[in-house]
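Chemist: Read off the chains here:
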Amino acid sequence: GAVVSQHPSWVICKSGTSVKIECRSLDFQATTMFWYRQFPKQSLMLMATSNEGSKATYEQGVEKDKFLINHASLTLSTLTVTSAHPEDSSFYICSARAGTGGWETQYFGPGTRLLVL
Amino acid sequence: GNSVTQMEGPVTLSEEAFLTINCTYTATGYPSLFWYVQYPGEGLQLLLKATKADDKGSNKGFEATYRKETTSFHLEKGSVQVSDSAVYFCALSGPDTGRRALTFGSGTRLQVQP
Chain A
6 GAVVSQHPSW
16 VICKSGTSVK
26 IECRSLDFQA
36 TTMFWYRQFP
46 KQSLMLMATS
56 NEGSKATYEQ
66 GVEKDKFLIN
76 HASLTLSTLT
86 VTSAHPEDSS
96 FYICSARAGT
106 GGWETQYFGP
116 GTRLLVL
Chain B
5 GNSVTQMEGP
15 VTLSEEAFLT
25 INCTYTATGY
35 PSLFWYVQYP
45 GEGLQLLLKA
55 TKADDKGSNK
65 GFEATYRKET
75 TSFHLEKGSV
85 QVSDSAVYFC
95 ALSGPDTGRR
105 ALTFGSGTRL
115 QVQP
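Protein chains in written order, with the working numbering: chain A, 6 to 122; chain B, 5 to 118.
Some clues are possibly wrong.
Computed, partial: chain A to chain B, Cβ under 7 angstroms [unchecked claim]:
no.: 1; residue: Val9
no.: 2; residue: Gln47
no.: 3; residue: Ser48
no.: 4; residue: Leu49
no.: 5; residue: Leu51
no.: 6; residue: Phe113
no.: 7; residue: Gly114
Some chain A residues flagged as far from chain B (calculated, every beta-carbon gap over 10 angstroms) [claimed, not checked]:
no.: 8; residue: Val24
no.: 9; residue: Lys25
no.: 10; residue: Glu57
no.: 11; residue: Ser59
no.: 12; residue: Phe72
no.: 13; residue: Ser88
no.: 14; residue: His90
Worth flagging that the hints you see were computed from the coordinates, not collected in a lab.
Glycine included, each C-beta is placed from N, C-alpha and C at the ideal position.
Turn these sequences into a full structure, and let the hints guide you.
Modeler: As structure tokens, then:
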């Protein structure tokens, strides 16, 4: 089946630094990728929808200047957490939707755990 | 808005036991309902889905029935195996978001002991 990878799987950074997380669809082209955030023992919350070649659509309450999303190719989307603070510590998960088959064919990455000190 | 509530875990069962993981939802209109599974170190995988009332989704011995009257989509399996140990997420997608965004429950960890 379709595989989505994320890199890095773990990152620890100092407060005030920026962190970039990559999401790649390895064996298919993804016109749409989604970024989710998950706090411990809580739901995955959709942060933004990323469409190749256009600006991302952010969910209400998500700061677009804080969480920069770039979807420069059909196989890569990046999420940059700018000027990270401890409250940004979380588990970030991406998913990629294949070009056909409908919305339910979302393939998820394994997630990236971010810890900001 | 849309929301999904599922039972807290972990759920610990012996091999061959019967499994039920409860899931209820709140949504506008008629959502589509899903169960996703996440095995250790892997991404979420779609386990089964149902798109209208009274539909039954099934896969790998797991079943869930879309119950509109009780707004529920409980996951069941008659005989669990150690390999079923994972985190299970209930989710929905509603017509109000063009059925694109998924709203997830908090996840339920299942541990099956030999």
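Chemist: Among all the numbered hints in the text so far, which are the ones the structure does not match?
Modeler: Violated: none.
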